[in-house]
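Protein chains: 2
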Amino acid sequence: MKDTISIIGGGLSGSLLAIYMAKRGFQVNLFERRPDMRSNKIYAGKSINLALSTRGLRALERIGLDKEILDDAIPMYGRMMHSADSELSYHAYGKEGQAINSVSRGRLNLKLIELASEYENITMYFNARCIDTDLETATATFEMEDGSHQTFKADRIMGTDGAFAATRGKLQITDRFNYSQSYLHVGYKELVIPAGEAGKFMMEKNALHIWPRREYMMIALPNPAGDFTCTLFMPFEGQNSFANLQTKEEVTKFFNEKFPDAVPMMPTLIEDFFTNPTSSLVTVRCYPWVRKDKLALLGDAAHAVVPFYGQGMNCSFEDCVEMDDCIEEFGTDWNKVFDEYQKRRKPNADAISELAIQNYYEMADKVADAHFLHKKHIEHELSDLYPEQYKSQYELTTFSISPYSYALQQGQKNDALLEKIIAEKAEDKIKDPAYMEGLWSMLK
Amino acid sequence: MKDTISIIGGGLSGSLLAIYMAKRGFQVNLFERRPDMRSNKIYAGKSINLALSTRGLRALERIGLDKEILDDAIPMYGRMMHSADSELSYHAYGKEGQAINSVSRGRLNLKLIELASEYENITMYFNARCIDTDLETATATFEMEDGSHQTFKADRIMGTDGAFAATRGKLQITDRFNYSQSYLHVGYKELVIPAGEAGKFMMEKNALHIWPRREYMMIALPNPAGDFTCTLFMPFEGQNSFANLQTKEEVTKFFNEKFPDAVPMMPTLIEDFFTNPTSSLVTVRCYPWVRKDKLALLGDAAHAVVPFYGQGMNCSFEDCVEMDDCIEEFGTDWNKVFDEYQKRRKPNADAISELAIQNYYEMADKVADAHFLHKKHIEHELSDLYPEQYKSQYELTTFSISPYSYALQQGQKNDALLEKIIAEKAEDKIKDPAYMEGLWSMLK
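Protein chains in written order, with the working numbering: chain A, 84 to 527; chain B, 84 to 527.
Mixed in with the good hints there might be a few duds.
Repeated chains share a single entry, so a pair holds when one copy, or any two copies, can fit it.
The calculated BS3-like cross-link candidates involving lysine-lysine, where the alpha carbons are at most 30 Å apart (straight line), are [stated by the list, open to error]:
1. Lys253 x Lys272
2. Lys253 x Lys459
3. Lys331 x Lys458
4. Lys194 x Lys429
5. Lys85 x Lys194
6. Lys272 x Lys426
7. Lys253 x Lys508
8. Lys459 x Lys512
None of these hints come from the bench; they were simulated from the model.
Kindly produce the complete structure, drawing on both the sequences and the hints.
Printed below as a string of structure tokens:
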């Protein structure tokens, strides 16, 4: 008789993980707090699009869903920067053909739930809110749709219930549990650039658009229907802040001044601004992620990250891949499976969490800075000239499955090398392999 | 009609704060989870002694209790290091006459409670465990000794209920509340060196004793009755760790090898080792510390620190002083009072929290290191020669009321200066004011 696994949280990671576990023959109970999105197609979590890249695609490939998802996605080959005087500049993310893919969170989740429902050994419970867990017995209690409480006993629990995970609650009060929740001074608000006539994209379709304004920024990602989901990231307090945008007049003036090329494409700007919430951005770090062979946390439950590297979902999917790999490697020695899983993933979660915060400053501020752009330009040349020797941090993070911790370290080494080239005014020499030969050791 | 203030937590900070608030004429309700120590004199919290220094004494002076407490304290003028081959070496903490004072936590708490009981406008509730708070109405609910629940409404709540504060609970689930709890890899166990015949001190009375062994250490503080409270600080896991001391034989062998001079003075070592708990050490950081004009956290509830700088109580008492000063300055504008209090104290709490962690490595490891001792020697000379220009980090932290954040910064500058003197092999020149004149700018 195979183990029963309670997976708590039926979002992106939870539904993917359920399929992995079902494919291994376990009996899976999947619990989700929200309604079944198959019968509530309008409601499919936050109306946001996500950037799916190499790590996430690899995770979907394991269940044969990568191609189908890519068919509905919009590839974004680079960043399109919009300056304050409405000038455009473009930077490719990677080499020819490399792209991150704008996908709808709701649609992807729906596909995963639909696929999960095809497995006889997955039972799904919706409108089931976890209110208690017992870590000794792998038992979890839920408040169900009708208000009743139901308790489910399993052999182990996997918690995929997000940044404010109920499954983390009992861990959190055990001795020597390290935990931090740290909010960015910046919040966000979603806005929209609707499609033009006949679903026409009003800006370049295959790019991630950024309006970098140093201490704040707006971004826009394309959707298949021709619209763009825009997000304004801005400090809560201070000179340019949400606190200072209280009236229609203030909002209108601000957008006209700061994002003049976007305003004509945003007919519902004022309405959206005052209807949509201003949300906060949290980084959650904790450790351990597991309790013996009874509980393991995956995804945001273990490590919520800010969205600026577009890696939140990709990282969470990679957790599921790592868990699957550990089961492959260690079989039913669950103590070993869980412990190896957390040891392998923790340094990488810490690294992407750090990279994501750094990327806020890169996107909002540095992409408007001449020195930074000069460095990026040299970096691009190096990547093209020496694809084996030089891999950018962005490439390692987004277009590879190298550990995030390696990407973080390598990015620092890359930066030292680029600064050296600039300090030596050697931009002309980088085409000379003999010159570069003396520098490659900096990347070891 | 003056405000009613609920002070939740009747430990050291709570009872001190109650007196401050009572002196200002407020109606104070003081709630404590534990029994009344006046009728349970044996039980007065953890059987631990604390190092009372300048900041704490200043706080007690404000209620006229400093002299009485000092009368019962044992001044410790320096560190006495015990090497692995039982050699002693001594380092004074400060200048002639400067000492930190070993006081009993239980006795100090008792004195504060006794003094608080003399105020008609303080009502004390013992065996009252806070189970809920309402931050909008400054209402708190307690489980009382008889198991009943009682609710108390006040104008505001001050939370002094320690590292795992119940009063922090509701703050913790508000948006944008930053929080971290971080455990040291090291735990501790209390042991004892009893008094000799007729209350004789078995080691130098007026010193804090340290057995530094790099990755672990033992310390001992004198008590008035002639005994020393010893604390073994050691990693939970690893080669020299609590995990590896499971049997009587292992403990005996370890102590005989590592603390040979202490063992003959510890007749109850084995019994104590297996009876007393192994406890963990947590650093808690959070922000904000206040909610409008309704709730303020003070002491460990706002910032639990590890004990290695001997500043936990001193820092918490300074929180109470700052709160008192803010009320003096801003009167009943409580929004302003609470906000100024947190803004002034937060950087200092962060600094002492950092210093306390650093000091673990100093005490356990560096005090056994030749380069470090050489630096300390130069530092001592500089302090003696140029008392106005050179103040050590230890002096600023322990024997002054300069902000902790200043002590932290200044310590880094001092270190750079000391390293420069050593690098220049200028140890002989420091007596020459002309040589030093060129260096003082490093301390600006």
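Hint check results:
1. Lys253 x Lys272: between (32 Å within a copy, 26 Å between copies)
2. Lys253 x Lys459: neither (46 Å within a copy, 46 Å between copies)
3. Lys331 x Lys458: Classified as neither; 40 Å inside a copy, 63 Å across copies.
4. Lys194 x Lys429: This pair counts as within: shortest intra-copy Cα distance 29 Å, inter-copy 48 Å.
5. Lys85 x Lys194: within (26 Å within a copy, 63 Å between copies)
6. Lys272 x Lys426: So Lys272 and Lys426 pass the 30 Å test across copies only (28 Å; inside, 36 Å).
7. Lys253 x Lys508: This pair counts as neither: shortest intra-copy Cα distance 57 Å, inter-copy 57 Å.
8. Lys459 x Lys512: within (16 Å within a copy, 50 Å between copies)
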